[in-house]
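Order-wise, the sequence lines are chains A and B.
Residues in the first sequence are numbered from 1 upward in steps of one, following the numbering used here.
Residues in the second sequence are numbered from 1001 upward in steps of one, following the numbering used here.
Among these hints, one or two may not hold up.
Derived, one-sided and incomplete: chain B residues facing chain A with beta-carbon distance under 8 Å [claimed, not checked]:
id, residue
1, Gly1007
2, Leu1009
3, Pro1018
4, Leu1057
5, Ile1058
6, Ser1146
7, Ala1148
8, Glu1190
Below, a list of computed lysine to any residue pairs in the SDA-like style, where the Cα atoms sit at most 20 Å apart [as the list claims (entries may be wrong)]:
id, chain 1, residue 1, chain 2, residue 2
9, B, Lys1011, A, Gly301
10, A, Lys236, B, Lys1011
11, A, Lys435, A, Phe136
12, A, Lys236, B, Tyr1151
13, B, Lys1110, B, Ile1194
Calculated from the structure, these hints are not laboratory results.
Please read all numbers here as calculations on a predicted model, not as lab measurements.
Just so it is clear, CB atoms sit at the ideal spot from N, CA and C, and this is done for glycine as well.
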Amino acid sequence: MSYVAIADRDHEQEHHDPQTFITKYIWSQDHKVIAVQYGITAVFVGLIALGLSAMMRLQLGFPDQFSFINPENYYQFITMHGMIMVIYLLTALFLGGFGNYLIPLQCGARDMVFPYLNMLSYWVYLLSVIILLISFFVPGGSTGAGWTLYPPQAIMQGTPGTDWGILLMLASLGVFIVAFTMGGLNYVTTVLQARCKGMTLMRMPLSVWGIFIATILGLLAFPALLVSAIMMLFDKTLMTSFFMPAISSMGADPGYTGGSPILFQHLFWFFGHPEVYIVALPAFGIVSDLLSTHARKNIFGYRMMVWAIIAIGGLSFVVWAHHMYVSGMNPYFGFFFATTTLIIAVPTAIKVYNWVLTLWEGNIHLRVPMLFAIGFIFTFIHGGLTGLFLGNVTIDLPLSDTYFVVAHFHMVMGVSPVLVVFGAIYHWWPKITGKMYNETLGKWHFWMTFLGTYAIYLPMHYLGFAGVPRRYFAMGNTEFLPDSAQDLNAAITISALFVALTQILFFINVFWSLRKGPKADPNPWDATTLEWQTPDTPPKHGNWGHDLPECHRWAYDYSVPGYEDDFIPQNVPADKAPAGRDHGEGH
Amino acid sequence: MLATLLGWLLKQSFNTQPWIADEVSDTAHHGPLGGSSNTRLIALMTLLAVVTSFFALIFSAYALRMELGDWVPLTEPQLLWTNTGMLILASLTFQWTRNGAVKGLTSRLKPGLIVTGVLTAGFIVGQWVAWQQLQANGQLITSNPSNAFFYFLTGAHAVHILGGMYVWARATTRVMLGTAEVGAIRRSIELCTIYWHFLLLVWLILFGLLLST
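Excised from the complex, chain B in its bound form (with noise of 0.2 Å):
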């Protein structure tokens, strides 16, 4: 990702004569990035490198916190295999909605939308679900740290879960009122899949760490 950025500003500015008035040809570069349409989704760009960011340095945390003696590897339960499972679904659903509302088949829109959000829905219960099976074992967070990085790592991740089920609810009551104008729920949904695929993947990377230690 950095580097892309990095490779984007070096094409910007290598071999340009800043100092040359007028010398810019009006195709090539002034202002947007592929025109303002892009706004938003760059801001959502933005907005993902800062969540990387966040769970990047909870997995070192976590990383560097497990070489300490007193961390005893926490069994997960079986129940996260369904609730990935629910969470891939519901992925695969809103891209398929996605591609609907690309394509214009807004008939796609209504049960879409709906199943998505009850799977996501369905994820969160199952996550809590999780937590209080966790605690009926007598897995409370101060048990052990990787107890705390369990109840930590997966809350954060629902928090952010949570915060696109708040634009799912706007977007899905703009439809169901029919208030929505076509191309802005076709925006919005197109946003919120890419939100939705980066949080399966966080949440895939998250589970092998898991699982795996």
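Just chain A, with the same shape it has in the complex (with noise of 0.2 Å):
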């Protein structure tokens, strides 16, 4: 592996412009190709994880209707539709994708500091993608463990995919975390190394922000999940007994003896937990790009939005056992965690101020990815307040095995951090593509998507306070539940049935967009961050032509007074931008 730094290369760059289509958008060291290989891999697998939960609501919403869905393969849907949505989805293409689009462009770079391994990046998430969906068709189906993977369950006879199901899970876990390390590498060298002159650390962007803490949190968190895969194949595959319990299964001894299965509980939440925070910093970061832009607004309060970014981050670290109140611990162990908990609304509230306080009295343009920003700040809200609740011990204790926990966290990480993938595409499509979509028909997708997915998670929370269990394929005759909880299932269900198809409209728009969309401008949002400032549009290989772009300002000179223009380019320099007329400088 021969790595070439080409963010330190400046002049002979047209020279080794790849050619033809294969080195060009197959075996790409492009980060920006790379980006939309794992931005396309990451929607694809999203879907099949989008279908698997219209399948579960179907049994949910109508029991026992359809002969297809029975409870080994329920169990199933469940267990890979969460491990895809938090992992193969949301963490690959806020990473691989937004991260690797956005860092180089946002620093003033002309690339990933090591492109080759950045390429080895992706092919290797695609291999651990491949091995996940193989685990659907083989002898015994994929593994329906949950996907929190708890053992002794998750390999003992009777649960579903114990033979290969469950193998195939862990081998593909532990390739994506190789994966992800090696991406990881490449975005944190990347932001300290090649960030173009004058582009200090305080002048990044937040998007840039959120996404290098939240690779930093990766990387550190992401060894836990690996361990534990590690050690719990050894207790399938060797008959160790680092998690497994002496245990007898349907009247025989397997061999196990005392191991511990919380101890699986503590190393998979050690990871767990700053996973949340892996995908949600990126959206934080994201969502504060947006709303500034849209609104012609500085970001309220950019220093304090940095450390509240990385007081999450560290923060995350410390909560992991809030995971695990049901398991039982020592209530002096409870109570600290329950604190760290709601310290860590602190930095998130002061966020969400901001980004209220960033809309207030702004020009706000009303356009699809400020339409997503704001049903984000919504969403969020909403999933906060319940995390809010959660995490207090005796409240948790009660509804944590109902659909008030599954009310909170698909509002939390679910909901949020989607609508702002949404709003990241509509926002970045135009210099992804060069292309322009119909903005018609995506407020249509705002629109119905957020409203349904209101109407699929407001009565989950009603149904969790009524008691209604989550993870059970049937309710049955359940004496202490109403009939009407089964109607709100069926409207529920209904709901649900009708966001996934509304995500046609998006689709609809992608490909109206590619063959007939109109040509977009450079710069269509008068956006100030250095990626609207490329020469070319799409980007070319190199990103910046012949020179560097130098950097002069931070990356919210929105509506600054005494100027013509509501925005000043951050390479536009100070005294380069008197009264606005030539702003052009940097083109």
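Starting from two chains that each stand alone, build the complex the way the hints lay out.
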């Protein structure tokens, strides 16, 4: 592997441009192409996971109406839906997709510092996805252990997919972690080393900050998943007893001795909680940039926003056991984790206030990306507040196994990040493809998705309060639940199918735009950040043409008093933008 | 390590006024940390942070699992002391090679790299023999959780050494064929040396943990 740090190169760029279709679009080392590859793969598996959720909802809304859903594959649907959405869609899309696209462009670099490693990262990720998908077709099917893969049931007879499914799941996670580590090393090093002249850390757009800190979290947290995956693989294949207690299975003794399932939970959640922020922090960063750009105002409290991201990142490592209250623990232990969990609300609330204050008296353009960004504020506040409930041990215990938790985490780390994903795609689409999309169709997509998801998840809170248990295939004749709970479930299913179908609008828009979309302006939103100042749209390999850009200001010079234009790009020097007449210097 | 990172971040952000254009003195901190030649060093340090996290988590799992009733302490094979000695020597010879490369004493490169490689390979072989000895004594991976951890920890450490050996082999091949550019080979050896010291440190902590329990 000979790494060529093309971020260091300046002039000889043109001679090294890949010429053939294969080197340009398949074995590409261009961060933009790799970003799109990551994006397409992640969206593809995401659609499979969406299909799985539709199957689950069919069973829950209309129990036993569909012969192709039985308890075994219901659990397989749950497991694969969760695992794909959290890891193979959101993590890969935010860091592999947007991280790859935005870091070099927003930092003013020509590419990632290790392009070859970057390419390898994508192909290894694709391998992990393929292993994951193969597990649907092996004897016994994919694992049905739940996305948390808790032992002992994850590898005991009786759980679906204990023959091959769980092995492939663990192998796929291991491969994914290798891919992520290769990408993550690149993102961290590029942010630290390849920023253009004048781009100090405190001038970086918040998107880059969010992705940067999330990558550090991932690099430190994914090893916990790797360790637990390897140890469980040993328990399964070599009959060690890391996690497996002395247990009898179907009347027989499989030969395990006193291992600790709780040990697995600690390791898993030491990864699992930072994982929430691995997904959330890039979303926080991106949404900050969308709000600022489309409200034509500087982000409120930039330095506070940066430090809030860092504080959330740090705190995310000391709250993991709040996922384990129901496992039983020393009350002081629970007290500690409840306290740290509630402390996270402080920097998070700072961020929310600052987003709202950024909108305050802004010149708000309700374009499609802005709609999604504002939608995110709603769903995130909603999911965040229920998180404050669940952070307390006494409230968590009765609610933990109900639909209240399902509603909470879907609101906070399902719907919210996905709204940002769509917002970000609509925002950067003109730069990525050089084409515009249909604004009206985009707005329909937003409103139907936003209202539709509320119709799904808002009622789930009430189901949770009523005591409807989550994870159950069917409720059966449960005395304490009114019949209306079933009616509500049917309504939720209809909303879920509606939202799933609504996503077709997005794909229609994508294909229409690619085929017939009008050519996009290089900077359609009048944005300040460097990626909108590239000489070509979409940017060519090497991004900046002959000379690297120079950064002279922060990313949030919107509506600066005394200037004619309501934005000043980051690469415009202080003395070159008098009264704004020749702001085009950077083009 | 985290404190250093945090201190550095504070220095970058404290008292800055990011909203003021062109207020940054160019010498202070535009772009790269100490020049782009440090890029690989920073990537390596990031990788070492990941590996540290990996081993620290296994150590914590070890400590938690040890508390449970079925744990029977393992008597480590005496051979591990020899192996430890070889790994220490390998680190020393790598450092010697590196110092030579930095001073431009290219005559040290070939013997230094080869001796280091032999010692490190000796460590790996020694570890494998130690495994065989344990197996011959009936100490299988399934016999006890302490055994399982022993095999897991030593195996994970050996895999990381083998990863280092891959890079070592590339550098050595280039030195042997004489195709190496001096500056490139020096940087490669510098980074390898850091990695060797790091894995020695991990091994010493790991070995200490095994001996003390």
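To see whether the hints hold, each was checked on the structure:
1. The beta carbon of Gly1007 (chain B) is not positioned within 8 Å of any beta carbon in chain A (closest approach about 12 Å), and the interface hint is therefore violated.
2. The beta carbon of Leu1009 (chain B) is positioned within 8 Å of a beta carbon in chain A (closest approach about 7 Å), and the interface hint is therefore held.
3. Of the supplied interface hints, the one on Pro1018 (chain B) holds, with its beta-carbon coming within about 4 Å of a beta-carbon of chain A, less than 8 Å.
4. Proximity of Leu1057 (chain B) to chain A holds as hinted, the smallest CB-CB distance being about 5 Å (cut-off 8 Å).
5. Of the supplied interface hints, the one on Ile1058 (chain B) holds, with its beta-carbon coming within about 6 Å of a beta-carbon of chain A, less than 8 Å.
6. The interface hint given for Ser1146 (chain B) is violated, since its Cβ lies 11 Å from the closest Cβ of chain A, which is over the 8 Å cut-off.
7. Look at Ala1148 (chain B): its Cβ gets to within about 4 Å of chain A, closer than 8 Å, so that hint holds up.
8. Interface hint status for Glu1190 (chain B): violated, as the beta-carbon distance to the closest one in chain A is roughly 15 Å, over 8 Å.
9. At most 20 Å may separate the alpha-carbon atoms for a hinted pair to count; Lys1011 (chain B) and Gly301 (chain A) meet this at roughly 18 Å.
10. Using a Cα cut-off of 20 Å, the hinted pair Lys236 (chain A) and Lys1011 (chain B) is violated, with the two alpha carbons roughly 49 Å apart.
11. As the CA atoms of Lys435 (chain A) and Phe136 (chain A) are separated by approximately 37 Å, the hinted pair breaks the 20 Å bound.
12. For the suggested pair Lys236 (chain A) and Tyr1151 (chain B), the alpha carbons sit about 16 Å apart, so the restraint of at most 20 Å is met.
13. Simply put, Lys1110 (chain B) and Ile1194 (chain B) have alpha-carbon atoms about 19 Å apart, close enough for the 20 Å limit, and the pair holds.
In this structure, the hints that do not hold are numbers 1, 6, 8, 10, 11, in rising order.
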